[in-house]
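Colleague: From first to last, the protein sequence lines are chains A and B.
Just so you know, we're using my numbering here: the first sequence kicks off at 280 and counts up by one.
Just so you know, we're using my numbering here: the second sequence kicks off at 280 and counts up by one.
It should be emphasised that the hints constitute simulated quantities derived from the structure, not laboratory data.
Any given hint could turn out to be false.
In this list, chains with the same sequence are indistinguishable; a pair is considered to hold if it fits within one copy or across any two.
[What the hints assert, rightly or not] With a straight-line cut-off of 25 angstroms between C-alpha atoms, the simulated PhoX-like cross-links for lysine-lysine are:
#1 K658 <-> K854
#2 K716 <-> K537
#3 K653 <-> K545
#4 K442 <-> K534
#5 K534 <-> K848
#6 K545 <-> K854
#7 K716 <-> K534
#8 K470 <-> K653
#9 K534 <-> K545
#10 K470 <-> K442
#11 K545 <-> K848
#12 K431 <-> K470
#13 K851 <-> K680
#14 K431 <-> K534
#15 K658 <-> K680
#16 K385 <-> K680
#17 K470 <-> K854
#18 K442 <-> K661
#19 K653 <-> K385
#20 K442 <-> K431
Note that the structure is predicted; figures quoted are calculated from it, not measured.
Number of protein chains: 2
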Amino acid sequence: MHSLKGFSQSPPAITSATTSLAFFNLNRSTVYRSAFIPMNRNMKSSNNNLLKVPQTYCRASLEVQDASPRGTDLQVHGVSQTVVGVLGGGQLGRMLCEAASQMAIKHVDAATLEKLEQQGVDCQPKASTIRIIQDKYLQKVHFSRHAIPLPKFMQIDDLEGAKNAGDLFGYPLMIKSKRLAYDGRGNAVAKNEDEISLAVNEKDQRPDPDDLTGDRNALAPLEDMLVVYMSKNGHHLLRENICHIVKSPANVSWKIQKLATDVAYKAVSSLEGAGVFAVELFLTADGQVLLNEVAPRPHNSGHQTIEACFTSQFEQHLRAVVGLPLGDPSMKTPAAIMYNILGEEEGEPGFRVANQLIGRALRIPGATVHWYDKPEMRKQRKVGHITLVGSSMGIVETRLKSMLREEINEDQPAAAPRVGIIMGSDSDLPVMKDAAKILREFNVPAEVRIVSAHRTPEMMFSYASSARERGIQVIIAGAGGAAHLPGMVAALTPLPVIGVPVRASTLDGLDSLLSIVQMPRGVPVATVAINNATNAGLLAVRLLGISDIDLQARMAQYQEDRRDEVLVKDDKLEKGGWEDYLNS
Amino acid sequence: MHSLKGFSQSPPAITSATTSLAFFNLNRSTVYRSAFIPMNRNMKSSNNNLLKVPQTYCRASLEVQDASPRGTDLQVHGVSQTVVGVLGGGQLGRMLCEAASQMAIKHVDAATLEKLEQQGVDCQPKASTIRIIQDKYLQKVHFSRHAIPLPKFMQIDDLEGAKNAGDLFGYPLMIKSKRLAYDGRGNAVAKNEDEISLAVNEKDQRPDPDDLTGDRNALAPLEDMLVVYMSKNGHHLLRENICHIVKSPANVSWKIQKLATDVAYKAVSSLEGAGVFAVELFLTADGQVLLNEVAPRPHNSGHQTIEACFTSQFEQHLRAVVGLPLGDPSMKTPAAIMYNILGEEEGEPGFRVANQLIGRALRIPGATVHWYDKPEMRKQRKVGHITLVGSSMGIVETRLKSMLREEINEDQPAAAPRVGIIMGSDSDLPVMKDAAKILREFNVPAEVRIVSAHRTPEMMFSYASSARERGIQVIIAGAGGAAHLPGMVAALTPLPVIGVPVRASTLDGLDSLLSIVQMPRGVPVATVAINNATNAGLLAVRLLGISDIDLQARMAQYQEDRRDEVLVKDDKLEKGGWEDYLNS
Numbered sequence: 280m281h282s283l284k285g286f287s288q289s290p291p292a293i294t295s296a297t298t299s300l301a302f303f304n305l306n307r308s309t310v311y312r313s314a315f316i317p318m319n320r321n322m323k324s325s326n327n328n329l330l331k332v333p334q335t336y337c338r339a340s341l342e343v344q345d346a347s348p349r350g351t352d353l354q355v356h357g358v359s360q361t362v363v364g365v366l367g368g369g370q371l372g373r374m375l376c377e378a379a380s381q382m383a384i385k386h387v388d389a390a391t392l393e394k395l396e397q398q399g400v401d402c403q404p405k406a407s408t409i410r411i412i413q414d415k416y417l418q419k420v421h422f423s424r425h426a427i428p429l430p431k432f433m434q435i436d437d438l439e440g441a442k443n444a445g446d447l448f449g450y451p452l453m454i455k456s457k458r459l460a461y462d463g464r465g466n467a468v469a470k471n472e473d474e475i476s477l478a479v480n481e482k483d484q485r486p487d488p489d490d491l492t493g494d495r496n497a498l499a500p501l502e503d504m505l506v507v508y509m510s511k512n513g514h515h516l517l518r519e520n521i522c523h524i525v526k527s528p529a530n531v532s533w534k535i536q537k538l539a540t541d542v543a544y545k546a547v548s549s550l551e552g553a554g555v556f557a558v559e560l561f562l563t564a565d566g567q568v569l570l571n572e573v574a575p576r577p578h579n580s581g582h583q584t585i586e587a588c589f590t591s592q593f594e595q596h597l598r599a600v601v602g603l604p605l606g607d608p609s610m611k612t613p614a615a616i617m618y619n620i621l622g623e624e625e626g627e628p629g630f631r632v633a634n635q636l637i638g639r640a641l642r643i644p645g646a647t648v649h650w651y652d653k654p655e656m657r658k659q660r661k662v663g664h665i666t667l668v669g670s671s672m673g674i675v676e677t678r679l680k681s682m683l684r685e686e687i688n689e690d691q692p693a694a695a696p697r698v699g700i701i702m703g704s705d706s707d708l709p710v711m712k713d714a715a716k717i718l719r720e721f722n723v724p725a726e727v728r729i730v731s732a733h734r735t736p737e738m739m740f741s742y743a744s745s746a747r748e749r750g751i752q753v754i755i756a757g758a759g760g761a762a763h764l765p766g767m768v769a770a771l772t773p774l775p776v777i778g779v780p781v782r783a784s785t786l787d788g789l790d791s792l793l794s795i796v797q798m799p800r801g802v803p804v805a806t807v808a809i810n811n812a813t814n815a816g817l818l819a820v821r822l823l824g825i826s827d828i829d830l831q832a833r834m835a836q837y838q839e840d841r842r843d844e845v846l847v848k849d850d851k852l853e854k855g856g857w858e859d860y861l862n863s
Numbered sequence: 280m281h282s283l284k285g286f287s288q289s290p291p292a293i294t295s296a297t298t299s300l301a302f303f304n305l306n307r308s309t310v311y312r313s314a315f316i317p318m319n320r321n322m323k324s325s326n327n328n329l330l331k332v333p334q335t336y337c338r339a340s341l342e343v344q345d346a347s348p349r350g351t352d353l354q355v356h357g358v359s360q361t362v363v364g365v366l367g368g369g370q371l372g373r374m375l376c377e378a379a380s381q382m383a384i385k386h387v388d389a390a391t392l393e394k395l396e397q398q399g400v401d402c403q404p405k406a407s408t409i410r411i412i413q414d415k416y417l418q419k420v421h422f423s424r425h426a427i428p429l430p431k432f433m434q435i436d437d438l439e440g441a442k443n444a445g446d447l448f449g450y451p452l453m454i455k456s457k458r459l460a461y462d463g464r465g466n467a468v469a470k471n472e473d474e475i476s477l478a479v480n481e482k483d484q485r486p487d488p489d490d491l492t493g494d495r496n497a498l499a500p501l502e503d504m505l506v507v508y509m510s511k512n513g514h515h516l517l518r519e520n521i522c523h524i525v526k527s528p529a530n531v532s533w534k535i536q537k538l539a540t541d542v543a544y545k546a547v548s549s550l551e552g553a554g555v556f557a558v559e560l561f562l563t564a565d566g567q568v569l570l571n572e573v574a575p576r577p578h579n580s581g582h583q584t585i586e587a588c589f590t591s592q593f594e595q596h597l598r599a600v601v602g603l604p605l606g607d608p609s610m611k612t613p614a615a616i617m618y619n620i621l622g623e624e625e626g627e628p629g630f631r632v633a634n635q636l637i638g639r640a641l642r643i644p645g646a647t648v649h650w651y652d653k654p655e656m657r658k659q660r661k662v663g664h665i666t667l668v669g670s671s672m673g674i675v676e677t678r679l680k681s682m683l684r685e686e687i688n689e690d691q692p693a694a695a696p697r698v699g700i701i702m703g704s705d706s707d708l709p710v711m712k713d714a715a716k717i718l719r720e721f722n723v724p725a726e727v728r729i730v731s732a733h734r735t736p737e738m739m740f741s742y743a744s745s746a747r748e749r750g751i752q753v754i755i756a757g758a759g760g761a762a763h764l765p766g767m768v769a770a771l772t773p774l775p776v777i778g779v780p781v782r783a784s785t786l787d788g789l790d791s792l793l794s795i796v797q798m799p800r801g802v803p804v805a806t807v808a809i810n811n812a813t814n815a816g817l818l819a820v821r822l823l824g825i826s827d828i829d830l831q832a833r834m835a836q837y838q839e840d841r842r843d844e845v846l847v848k849d850d851k852l853e854k855g856g857w858e859d860y861l862n863s
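Pulled out of the complex, with its shape left as it was, chain A reads as follows:
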């Protein structure tokens, strides 16, 4: 038994997992503290033991390039003289080829690759890295030597060793095969000592029955799995739900994002070679980030980078191994969800189910279907994926729900409100309705609610705190008198809040105005004129128009139309004179 230095106290419950992806260029001269790629773990155990060769990307040797008829100017023809060999013909290789095509990078097959290897062709990642990664126990030992925070682990050889691990680490206990595991296979959770032999037996068909590691709490609790996607300028987080779904970004604090990037960076820095590395991390309840494992390649959970990011993980990987500058990995759309299409039945029935799902997906705005065209359908087999992108997580989640139902409600995907119009009392409604009218005119979906800071304070708290994750992008809050609603809501959300001072019975609305506008430093409210909910609606449209070209164009047209109205009136006045005008 090999025990790990490190944790002297009982480790806290691991509440979530994150995956980090770091990019390195070939010369290691620019380390790109960039993308975290979410890990898509298949939580269901499986007896499937397909031997799968891990993907290796080989860069053609300089010798081959020197032999080209174009002489020694290697750079002249872009990268179209570069030949990349890909071992492993699954969907990751396929998507790599799609990315390569646009840059005219060519590929060779595995047989040719073997010949090149014999000639001394350079491979990425390095053999030394593959050796480390392939054995999960060696992997952990390597990282622990580099002072990277890890959960407790130990090597076990038999059932007895597993029980010892259970005694030492507690339950639930994760038991993993050291080698040749993928897509969650080769792992099993024992919830107590009695389940250990069951978990070990689940591996009877495993490649090497004597290689096991015990890993405490590696997969618990499943619902809280988080993944992290980061760009060099900051951090984007992704949340992963059970099994199939990866959401991007996720709702994790800025501090945690930084911590996760740092751990991933250290982990990848300790390995040799270029390309994309997928780093899986755990987030504990007390805010620690621990390393789970590293895959030195593009990863299932990074597929949404194709549609959602400036540079996909595949293009990035090619850039890295070929020696080109790295691209910008940050997101270009605000929200994305990737949904894995897993086989639900064997054979034809499975194809039928998948086909129905695809049929619905093709009707969802912002959904892109990827079908891997595998000839055989098996349960739990990854046969494709669907990525949905959109301007807010709420919108994208709504569309996902729509896609997974059997009936499509054509209106549903568009219905998720982008603006929340709230007021402290229904006596404000005659004023606040003008905001709703404007938003309807501009086709912006909105909800209208009564939320009172003074009479329903808890409801106000929960409305404000949950608005962002529901997909609300702007809140319009109206109140009169001692008008606290806008300011309190602004304190509880990072969303922009527009305040409408409603004229109360005395003071002509001045009390409302000052209550709303005179916020202290740190918490702003965008205040409009007294009773002017029309302008609140128009301001909301302008805000959304920052990234919604349609809306911005319509706002410009709205302004032109108002101008034209006035010009007509001025024309009438000028022609007919002021007396006629007043009398008409």
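Given the coordinates of chain A, assemble chain B onto it according to the supplied hints.
Modeller: Chain B alone, transformed into the frame defined by chain A:
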């Protein structure tokens, strides 16, 4: 001579051209009034007369599918049983194949396609459509019969006929080959009668010297060429500059967008067949939209749809011809520019120049390189393209400029200001600096200017009117006393304007506050507390955070940090008591 009914008066100068792209599904049951694709016209005349077979997309016949071993359930295997044949092996076919790969749609080569045609395979677009499109004169006759607005045109057979056209239509005069023209080849402009023979001779190497049409003002003035890109929910406009560049969207009013969509819709409705149609339009000075010509296929000027839109033109075309529901063609990024890589020299030197450009592009955030891998380099040959996408046109334009220069200034691409901080007087600067500080803290590039509504009214007009196209997304305007700046600026731009009331010498800032907040219906200003430029900066960050996940996360963290500061103080007060607290 065939004269056209229609214009009874002298047609107005054509000031811009737009291209519309409409999508039809196979059954014509859903007409998708969707994407306008900008036209990329090569303005330089050329002697290159490569005979190029227009692209035709054939859908495999049902007979072929029935022969599949999987029986009669044609739908079960997604579209991976569907075979699409593509005639024409240039970059358009290549990009179509990239789109097909993700949906596992397969391709056949031209030889196989010919055999299928003999078996009665259905081709898209229909032969009848191709016949109409291929002859530009017949095309115009066809559309005029469908009451689609067109510029004046006539068929001419010789030099004499061209001079007659010049007399009738005036100069400049566009002379076009009727057949086999592409990429601007087969067109020439005669600026006066003397230039006619030169223009006609430029076509000496044209395929058929006897086929000419005269087209008034088709390409003038070049600088004002506009293109239109539209989605089914609205309109996105693109502006095209000389030669290489297509910008998306362009700055054209909503009314013009609608008009352009209508004309394009009518034009495409008059043709048979499924798939994407690129419709080129002109915009006249008096706001008319006239049809130039239609290409029944994906188009050069639509390449940015790959990175910038939810569904690329290639995927859309495949969906249409294969009979799948159409995807959402609208933009998913606020701004995009496509730059064609044209050969600048023959042979190796040309490759070298292109390579240098690509080397710079690979270092630009948000830039995606497409290299067509054509074996021969010629002047003006389209050898690739580069698409830049970003969160505002200003940012993307700055990056384009950076890419086209020889030196890369690494800071430059990021420097384009997103927020404009303006004030009526430098006496406001001690207050307004707090906004600049906040934006710097959040890494949001901002500019700080003195713009006085009263002392520099013209400058205020021009600043406000030009802010949007310069890439400014939010304006923070501060003023004191009779504070007119924020409101006037808000009247001149569709951007959101944040107003900061600066305390003037009397009235404690109340005059400023009311001047700014009490705007009339139609023109909102987002007003913050008196002298609270910090909150103006924070509000700007919240606004930008609507679509910038990074900023939104940082804002949430900022709020947490402010909370923690207070908690520390509260802790100190609780532990030490109020007397000690006051004394410390």
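Colleague: Determine for every hint whether it applies to the structure shown.
Modeller: Quick rundown of the hints versus the structure:
1. K658 <-> K854: neither (80 angstroms within a copy, 61 angstroms between copies)
2. K716 <-> K537: For K716 and K537, only the inter-copy Cα distance (23 angstroms) is at most 25 angstroms; the intra-copy one is 43 angstroms.
3. K653 <-> K545: So K653 and K545 fail the 25 angstroms test inside a copy (37 angstroms) and across (43 angstroms) alike.
4. K442 <-> K534: neither (37 angstroms within a copy, 74 angstroms between copies)
5. K534 <-> K848: between (57 angstroms within a copy, 21 angstroms between copies)
6. K545 <-> K854: neither (78 angstroms within a copy, 40 angstroms between copies)
7. K716 <-> K534: Between copies, since 21 angstroms is at most 25 angstroms while 41 angstroms is not.
8. K470 <-> K653: So K470 and K653 fail the 25 angstroms test inside a copy (35 angstroms) and across (60 angstroms) alike.
9. K534 <-> K545: So K534 and K545 pass the 25 angstroms test inside one copy only (17 angstroms; across, 55 angstroms).
10. K470 <-> K442: within (12 angstroms within a copy, 92 angstroms between copies)
11. K545 <-> K848: neither (69 angstroms within a copy, 35 angstroms between copies)
12. K431 <-> K470: Only inside one copy: K431 and K470 sit 17 angstroms apart there, 81 angstroms across copies, limit 25 angstroms.
13. K851 <-> K680: neither (55 angstroms within a copy, 49 angstroms between copies)
14. K431 <-> K534: Classified as within; 24 angstroms inside a copy, 65 angstroms across copies.
15. K658 <-> K680: Classified as within: same-chain Cα gap 22 angstroms, cross-chain 52 angstroms, threshold 25 angstroms.
16. K385 <-> K680: Classified as neither; 39 angstroms inside a copy, 30 angstroms across copies.
17. K470 <-> K854: neither (88 angstroms within a copy, 44 angstroms between copies)
18. K442 <-> K661: neither (33 angstroms within a copy, 67 angstroms between copies)
19. K653 <-> K385: both (23 angstroms within a copy, 14 angstroms between copies)
20. K442 <-> K431: within (15 angstroms within a copy, 89 angstroms between copies)
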